[in-house]
Amino acid sequence: MEKKQAFEEKLTRLNEIVEKVENTTLSLEDAMKLYEEGNSLIKDLQKSLDEAETKIQVIKDKQ
Amino acid sequence: MEQNKYFSVTALNTLIKSKIDGDEELHNVYVKGEISNWKSYNSGFFFDLVDEKKSVIPCILWGDNYLYLPFEPKNGDEVIALGSVSVYVGRGRYNFTVKTLEKFGQGAALLALEALKKKLQAEGLFDISHKKPIPEFPKSIGLIVGDKSAAEADLIKNISRRWPLCEILVFPSLVQGKDAPKELLKALRRAETTEIDILIIARGGGSNEDLSAFNDEALTRELYACTIPCISAVGHEIDTTLIDYVSDLRVSTPTGAAEAATPDQQEIRAILLGSEDALNTAMKNLLSKKRDQLNSLSARPFFKNPSSNYAKAKEEVQQLSKRLEMSLGHLFEMSRNQVHSLSSRLDALNPRNVINRGYSMTTDERGNIVTSVKQIAEGDTLKSVLKDGTITSKVTSKE
Chain A
1 MEKKQAFEEK LTRLNEIVEK VENTTLSLED AMKLYEEGNS LIKDLQKSLD
51 EAETKIQVIK DKQ
Chain B
1 MEQNKYFSVT ALNTLIKSKI DGDEELHNVY VKGEISNWKS YNSGFFFDLV
51 DEKKSVIPCI LWGDNYLYLP FEPKNGDEVI ALGSVSVYVG RGRYNFTVKT
101 LEKFGQGAAL LALEALKKKL QAEGLFDISH KKPIPEFPKS IGLIVGDKSA
151 AEADLIKNIS RRWPLCEILV FPSLVQGKDA PKELLKALRR AETTEIDILI
201 IARGGGSNED LSAFNDEALT RELYACTIPC ISAVGHEIDT TLIDYVSDLR
251 VSTPTGAAEA ATPDQQEIRA ILLGSEDALN TAMKNLLSKK RDQLNSLSAR
301 PFFKNPSSNY AKAKEEVQQL SKRLEMSLGH LFEMSRNQVH SLSSRLDALN
351 PRNVINRGYS MTTDERGNIV TSVKQIAEGD TLKSVLKDGT ITSKVTSKE
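For the record, the sequence lines run as chains A and B. Numbered by this note's numbering, the letters in the first sequence go through residues 1 to 63 in order. Numbered by this note's numbering, the letters in the second sequence go through residues 1 to 399 in order.
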């Protein structure tokens with residue numbers, strides 16, 4: 001469950017990073033750090049999509 | 001027979017017309033019957049309404065009113081017609097001028113539904129302000145659908161294709177028939193006990209009667225109170241049930257519901273690739289900017305030829321010291337000249353020089369220079385200083 005929660009958070013963080021790296025003046029060091037963080041987020045997110053498999057559960061009335 | 005004892009045909013027909021026109025009971029009345037002999041003319045439609053006793057009334061429906069009918073009437077339709085009785089004086093015939101037609105059986109149900117809808121609307125159940133936003137990245141979606149229905153299959157297929165990261169909980173229910181409202185309510189209550197992010201209530205198209213379970217008041221109220229964001233997809237585009245009004249989002253098909261409930265993984269993957277590109281480009285740009293900065297710095301004279309920065313200063317120092325030297329020299333020169341002139345002036349004043357030129361200087365015994373005869377008396381000893389020595393003499397006389 002928390003892995004799925006993390007998807008949205010990671011995607012939000014990734015967007016922040018791209019925005020920052022594209023639109024602000026950063027020191028080379030800070031830019032490198034963000035670049036690495038962004039790339040590892042992309043890998044994580046792609047991986048969770050690749051590995052995802054829909055779980056289906058049927059919930060009937062207890063009778 | 002006397003003339004005033006009979007009517008003309010026209011007068012009689014006119015009298016009948018005025019009686020009928022004046023009778024409120026024959027205006028705006030509902031008549032139930034089956035349509036037969038449907039004929040269309042430029043101005044409108046002529047047809048008969050027939051009942052089970054084969055009694056017939058001729059009807060006229062003018063073209064303007066036809067445009068507003070909720071369905072397309074045809075022979076054999078059981079209908080309820082709203083209209084007024086009128087008389088055609090020229091033919092001595094009466095007919096029923098129809099304002100509107102409804103298919104029989106729907107009228108009452110539709111009116112009741114309309115009344116319920118108005119009531120719920122007045123209570124605020126359909127207010128936009130009450131609508132909850134649909135989460136963008138659901139981790140769990142609940143489906144209230146007919147067991148093994150096409151809607152269920154469609155939803156599962158589309159949700160797993162678009163967003164396999166979420167779990168699907170199916171709450172099967174009857175979706176038509178008299179038990180359907182109760183079943184749907186139970187399924188909704190079951191769904192409310194789970195931790196789903198979005199609830200979808202879906203059913204394929206059907207007749208108004210088929211969809212009537214989704215107009216149930218208790219179900220509508222329960223859904224209004226439900227805290228889970230809900231998408232409804234019941235029937236086709238034109239069918240709107242009460243739960244469509246109360247749900248947070250209404251779509252017309254199960255596929256539409258799946259699309260509204262989930263992000264599309266293809267789009268997200270494209271966003272990820274786009275982000276990767278953006279990061280690479282931004283990094284490349286930053287690096288080349290830094291490189292340019294470095295290049296332009298190292299191209300500056302300071303780094304290119306560091307000694308040139310000192311050469312100027314060195315020259316300045318040299319010039320200054322030269323000037324200093326020169327002014328010092330000048331000062332010395334000036335002082336030397338001054339000393340020289342002073343010393344020659346001093347020289348000129350030296351009495352010794354006068355003596356050297358052949359003069360002598362006379363002093364008394366105590367060494368005081370004698371400049372007047374009054375200073376001395378006869379018998380005093382005087383000293384005369386000459387160029388090459390001193391003479392001591394005695395005053396014998398003075399004048």
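Any given hint could turn out to be false.
What the hints assert, rightly or not - Simulated crosslink set (EDC-like; lysine to aspartate or glutamate; CA at most 16 Å straight-line): (1) B/K139 x A/E22; (2) A/K20 x B/E276; (3) B/K284 x A/E22; (4) B/K131 x B/D239; (5) A/K10 x B/E114; (6) B/K139 x B/E276.
To be verified - Pulled from the structure, derived: some chain B residues nowhere near chain A, Cβ distances all over 12 Å: (7) S18; (8) Y68; (9) K74; (10) D127; (11) K139; (12) E183; (13) N285; (14) S308; (15) Q375; (16) E399.
Please keep in mind that the hints were generated in silico from the structure rather than gathered at the bench. We put the beta carbon where it would ideally sit given N, CA and C, even for glycine.
Structure-based check of each hint:
1. B/K139 x A/E22: violated (31 Å)
2. A/K20 x B/E276: Holds, because 14 Å separates the two Cα atoms, which is no more than 16 Å.
3. B/K284 x A/E22: holds (11 Å)
4. B/K131 x B/D239: With Cα atoms ~20 Å apart, B/K131 and B/D239 exceed 16 Å; violated.
5. A/K10 x B/E114: Violated. A/K10 to B/E114 sits at ~48 Å, over the 16 Å cutoff.
6. B/K139 x B/E276: violated (25 Å)
7. S18: holds (67 Å)
8. Y68: holds (45 Å)
9. K74: About 44 Å separates B/K74 from the closest Cβ of chain A, which puts it past 12 Å; holds.
10. D127: holds (28 Å)
11. K139: violated (4 Å)
12. E183: violated (9 Å)
13. N285: violated (9 Å)
14. S308: At about 30 Å from chain A, B/S308 clears the 12 Å cut-off, so the statement holds.
15. Q375: Non-interface label stands for B/Q375: nearest chain A Cβ at 105 Å, farther than 12 Å.
16. E399: For B/E399, whose nearest Cβ neighbour in chain A is about 116 Å away, the distance exceeds 12 Å, so it holds.
Checked against the numbered hints listed earlier, the structure breaks hints 1, 4, 5, 6, 11, 12, 13; every other hint is satisfied.
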